[in-house]
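There are 2 protein chains.
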Amino acid sequence: MAVRDVRPGLRNEEGIAAVLGILKQTFGERFQTGQSFREQHAHTTTYLPPQLPDAVVFVESTEDVKAVVAACAAHHVPIIPFGVGSSLEGQVNAPSGGISMDFSRMNRVLHVSPADLDVTVEPGITREELNRELRDTGLFFPIDPGANATIGGMTATRASGTNAVRYGTMKDNVLSLTVVTADGEEIRTARRAKKSSAGYDLTRLFVGSEGTLGIITAITLRLQGIPEKIGGGVCAFPSVEAACNAVIMTIQMGIPVARIELLDDVQIRACNAYSSLDYPEKPTLFLEFHGTEETVALQSAQFAEIAADCGGDEFRWTANAEERTKLWNARHNAYWAGRALASGLDGLSTDVCVPISRLAECVVETQADIEREGLLAPIVGHAGDGNFHVLVLFDGKDPASVAKVEAFTERLSRRALAMDGTCTGEHGIGQGKMAFLKEEMGGAVDLMRAIKRSFDPHQILNPGKIFAAAE
Amino acid sequence: MAVRDVRPGLRNEEGIAAVLGILKQTFGERFQTGQSFREQHAHTTTYLPPQLPDAVVFVESTEDVKAVVAACAAHHVPIIPFGVGSSLEGQVNAPSGGISMDFSRMNRVLHVSPADLDVTVEPGITREELNRELRDTGLFFPIDPGANATIGGMTATRASGTNAVRYGTMKDNVLSLTVVTADGEEIRTARRAKKSSAGYDLTRLFVGSEGTLGIITAITLRLQGIPEKIGGGVCAFPSVEAACNAVIMTIQMGIPVARIELLDDVQIRACNAYSSLDYPEKPTLFLEFHGTEETVALQSAQFAEIAADCGGDEFRWTANAEERTKLWNARHNAYWAGRALASGLDGLSTDVCVPISRLAECVVETQADIEREGLLAPIVGHAGDGNFHVLVLFDGKDPASVAKVEAFTERLSRRALAMDGTCTGEHGIGQGKMAFLKEEMGGAVDLMRAIKRSFDPHQILNPGKIFAAAE
Chain A
1 MAVRDVRPGL
11 RNEEGIAAVL
21 GILKQTFGER
31 FQTGQSFREQ
41 HAHTTTYLPP
51 QLPDAVVFVE
61 STEDVKAVVA
71 ACAAHHVPII
81 PFGVGSSLEG
91 QVNAPSGGIS
101 MDFSRMNRVL
111 HVSPADLDVT
121 VEPGITREEL
131 NRELRDTGLF
141 FPIDPGANAT
151 IGGMTATRAS
161 GTNAVRYGTM
171 KDNVLSLTVV
181 TADGEEIRTA
191 RRAKKSSAGY
201 DLTRLFVGSE
211 GTLGIITAIT
221 LRLQGIPEKI
231 GGGVCAFPSV
241 EAACNAVIMT
251 IQMGIPVARI
261 ELLDDVQIRA
271 CNAYSSLDYP
281 EKPTLFLEFH
291 GTEETVALQS
301 AQFAEIAADC
311 GGDEFRWTAN
321 AEERTKLWNA
331 RHNAYWAGRA
341 LASGLDGLST
351 DVCVPISRLA
361 ECVVETQADI
371 EREGLLAPIV
381 GHAGDGNFHV
391 LVLFDGKDPA
401 SVAKVEAFTE
411 RLSRRALAMD
421 GTCTGEHGIG
431 QGKMAFLKEE
441 MGGAVDLMRA
451 IKRSFDPHQI
461 LNPGKIFAAA
471 E
Chain B
1 MAVRDVRPGL
11 RNEEGIAAVL
21 GILKQTFGER
31 FQTGQSFREQ
41 HAHTTTYLPP
51 QLPDAVVFVE
61 STEDVKAVVA
71 ACAAHHVPII
81 PFGVGSSLEG
91 QVNAPSGGIS
101 MDFSRMNRVL
111 HVSPADLDVT
121 VEPGITREEL
131 NRELRDTGLF
141 FPIDPGANAT
151 IGGMTATRAS
161 GTNAVRYGTM
171 KDNVLSLTVV
181 TADGEEIRTA
191 RRAKKSSAGY
201 DLTRLFVGSE
211 GTLGIITAIT
221 LRLQGIPEKI
231 GGGVCAFPSV
241 EAACNAVIMT
251 IQMGIPVARI
261 ELLDDVQIRA
271 CNAYSSLDYP
281 EKPTLFLEFH
291 GTEETVALQS
301 AQFAEIAADC
311 GGDEFRWTAN
321 AEERTKLWNA
331 RHNAYWAGRA
341 LASGLDGLST
351 DVCVPISRLA
361 ECVVETQADI
371 EREGLLAPIV
381 GHAGDGNFHV
391 LVLFDGKDPA
401 SVAKVEAFTE
411 RLSRRALAMD
421 GTCTGEHGIG
431 QGKMAFLKEE
441 MGGAVDLMRA
451 IKRSFDPHQI
461 LNPGKIFAAA
471 E
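Keeping their order, the protein sequence lines are chains A and B.
With full-length UniProt numbering, the residue at position 209 of the first sequence is 209, and numbering never jumps.
With full-length UniProt numbering, the residue at position 327 of the second sequence is 327, and numbering never jumps.
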């Protein structure tokens with residue numbers, strides 16, 4: 001299975017033993033080596049086989065982080081930062097062993113500035129916790145990758161999700177980071193000003209670096225005002241092309257849709273079965289609009305016109321919260337509905353992203369591939385960004401089934417690359433997409449490696465992610 | 001004059017002589033060593049003393065760029081990329097001599113994709129040329145730093161300007177770059193997909209790197225639909241605080257202003273004198289709204305209410321293009337009006353950026369400093385971003401006057417830093433702000449240097465910018 005580099009790296013047994021001794025003494029009960037702790041911290045939502053860390057440390061402060069880094073740096077032992085383990089490409093695996101650094105207890109809101117529309121948090125807070133804490137301010141943090149991920153994990157993997165089409169991805173919403181580097185220094189990547197041109201953009205360098213360049217200990221995020229009104233709607237189309245044309249026209253006209261999601265016919269069928277719904281089994285767009293009563297109505301009317309021009313069915317929409325939830329039910333439960341198509345099987349969620357002009361072509365070719373191979377694989381897309389997910393159902397215990405799904409994801413990545421797209425729009429490289437990074441980035445990977453080498457010469461920061469451990 | 005590091009670096013005379021020989025042979029008439037060419041290419045809009053390159057090469061293709069890099073890399077000779085020379089912090093100076101690489105002939109539009117709202121250009125095209133070429137597509141490139149800068153220069157300095165409040169800065173609008181590295185390799189930092197999580201964000205690393213990490217040879221930019229309607233308006237306020245409160249409320253309410261500019265009373269006085277206008281000599285906000293007839297009217301009405309709540313005078317606005325130009329006249333001519341306050345003097349345009357909640361305080365303290373020192377220095381701010389410029393008028397031939405303005409800009413930078421702001425919101429570090437980078441970024445500067453060292457070990461890429469040449 002050449003395309004999946006999950007080879008164990010070299011283990012520094014002596015160093016690991018030394019670090020375990022040090023951390024046990026320093027962290028007492030917050031240091032755990034039990035099998036269940038270790039298993040839970042190697043758990044990822046992909047089918048990649050788990051690779052357990054040697055221990056888990058529950059950090060509660062930057063001082064704790066520095067203490068772990070000091071021990072691991074002295075003995076050249078890997079550190080794997082851990083949020084909630086919702087990453088999809090093996091980012092929390094420990095191919096060379098080492099220490100899983102659990103941030104669940106480092107989850108405070110440090111500072112909210114309503115006038116500046118920003119908040120500073122510790123990395124372990126989840127996005128839902130954050131939004132609960134912000135509720136009284138009238139502000140919210142918009143990025144929604146689906147899972148209730150931690151802000152630290154979302155930052156480290158450059159997460160995005162359904163409303164990136166309006167609010168951007170993590171790269172657009174992180175103002176500044178505090179980071180502990182491999183040599184134990186604490187640095188801050190930027191001030192709290194909304195923009196700066198002072199030197200290299202270290203903030204964006206750490207966003208998406210998957211824990212391989214430094215350990216994030218605080219994050220300043222941009223916030224948005226909670227919309228006065230939220231509208232939602234659904235529209236079925238005769239073909240993926242027709243749906244994608246409607247998306248392109250919507251974006252071109254500058255309608256500021258908050259979400260515009262594509263579900264293919266297989267996914268709709270899955271949703272109908274899962275939630276006893278009766279959506280027409282056709283490619284369908286789910287939309288959400290944020291604004292005032294007036295602007296939400298205006299945007300919906302504009303979209304309805306576009307949908308009609310593109311041959312869509314009637315556009316059903318509502319500004320009533322309860323009805324909106326009902327309309328959006330299928331989208332919200334898409335993942336579980338997909339899994340329920342074959343409840344005994346494993347599910348591999350993979351993603352690619354292409355220029356929006358190529359989205360229909362890429363989805364249609366992928367559907368043909370799925371059919372040709374006899375796979376069961378519903379498709380859900382963040383259509384406004386040209387980004388889509390395929391949930392491939394397969395039997396993880398059957399090598400032939402695994403080989404088939406790997407060959408499929410390989411073709412999918414190459415298809416996206418051939419269309420000037422990326423092998424991963426929002427899941428990251430981790431271990432699962434390592435083989436395609438070089439194909440996608442060519443000589444630019446050498447620059448990435450040069451940065452990695454200069455920031456982390458002893459390879460203690462999440463080794464074996466983005467680049468193979470051995471290199 | 002300690003704060004301004006414009007010390008000449010070491011000159012590699014032998015290497016320079018060798019490179020001049022090679023390039024003369026390769027480039028013929030496109031290679032120039034005449035004094036006037038060299039002077040024009042060391043011209044910057046600041047008062048920093050010019051430091052001339054040894055020669056100017058007019059590149060016309062990536063192959064030309066590679067040829068120059070090969071020669072300069074072999075002989076360890078500096079390359080200074082040159083757009084139109086509108087940078088403000090000495091970015092095109094040649095403290096160690098070397099080759100100015102002029103991009104004015106490498107200014108083609110390579111590819112427009114209206115469906116994807118993107119365009120790929122060569123670095124030498126200016127933003128006005130680009131928008132002229134785009135006109136028939138119904139699209140435009142919004143970033144407007146004032147000067148008719150090149151897209152390459154704007155990318156290299158992470159430019160922003162008046163409408164960054166709505167459209168972001170260059171970091172938000174560059175999708176991908178093609179770059180020639182110090183060892184002559186051509187790399188591409190990203191595909192044309194709207195988002196990606198494939199490895200480190202090299203795009204954002206090169207944006208704002210001021211030519212010190214690689215030479216940009218192509219840029220893919222996000223475009224916007226030309227607004228159906230543009231509205232503009234003006235409103236005077238009793239104080240800077242009142243104006244800034246109106247700005248904060250506007251942003252908090254999510255009114256998508258395209259521009260919201262603050263001119264202080266001195267700047268208004270200058271504009272009145274320069275263009276025979278009769279604006280009240282009070283802190284004044286200039287606004288622009290992009291949208292449809294309806295949304296522009298709605299936004300203007302919303303702002304008028306906010307302005308009234310904040311004690312502003314009547315908000316005069318119009319959706320008529322001609323009247324808008326008239327209303328905005330003062331803002332458009334602000335720089336020249338400021339210079340005309342004392343036509344015999346030199347002008348130093350400097351900028352800082354603070355969290356918007358601190359903007360009023362920072363401007364008011366700066367005004368007090370100006371008054372205390374007896375300086376003449378109008379203030380113009382991109383208020384929605386917390387970013388403002390001070391145009392200090394001084395006598396460049398009088399050392400006492402120079403010392404005074406340097407001490408002033410030093411205090412200004414420190415004032416912004418004390419408010420969790422940056423010493424430069426959009427002009428870059430160049431040579432002029434080098435002394436403050438360490439104060440602003442602390443240990444993070446070591447990471448920046450590590451990147452510089454690993455990308456450019458022989459210091460041939462615009463040495464002496466961002467970091468001192470000797471280091």
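Take the hints with a grain of salt, since some may be wrong.
Keeping only pairs whose Cα atoms sit at most 16 angstroms apart, straight-line, the calculated EDC-like set for lysine to aspartate or glutamate is [unchecked claim]: (1) A:K438 x B:E186; (2) A:K326 x A:D278; (3) B:K438 x A:E186; (4) B:K229 x B:D313; (5) B:K282 x B:E323; (6) B:K24 x B:D64.
Derived from the structure by calculation, the hints contain no laboratory data.
*Is the straight-line distance between the alpha-carbon of A:K438 and that of B:E186 16 angstroms or less?*
Since the Cα atoms of A:K438 and B:E186 sit roughly 15 angstroms apart, the hinted pair holds (cutoff 16 angstroms).
_Satisfaction of hint between A:E186 and B:K438, Cα-Cα up to 16 angstroms_ = Within the cut-off at roughly 15 angstroms; holds.
*Compare the distance between the alpha carbons of B:K282 and B:E323 with 16 angstroms, and conclude whether the hinted pair is satisfied.*
With a Cα-Cα distance of about 21 angstroms, the restraint between B:K282 and B:E323 is violated, given a limit of 16 angstroms.
*Hey, A:K326 versus A:D278, does the alpha-carbon distance stay inside 16 angstroms?*
holds (12 angstroms)
*Would you mind confirming whether the straight-line C-alpha gap from B:K24 to B:D64 stays at or under 16 angstroms?*
OK: B:K24 and B:D64 at ~13 angstroms, within 16 angstroms.
_Restraint status (C-alpha distance of B:K229 to B:D313 at most 16 angstroms)_ = Given pair B:K229, B:D313 is violated - Cα atoms ~25 angstroms apart, limit 16 angstroms.
Hints 4 and 5, counting from the list given before, are not met by this structure.
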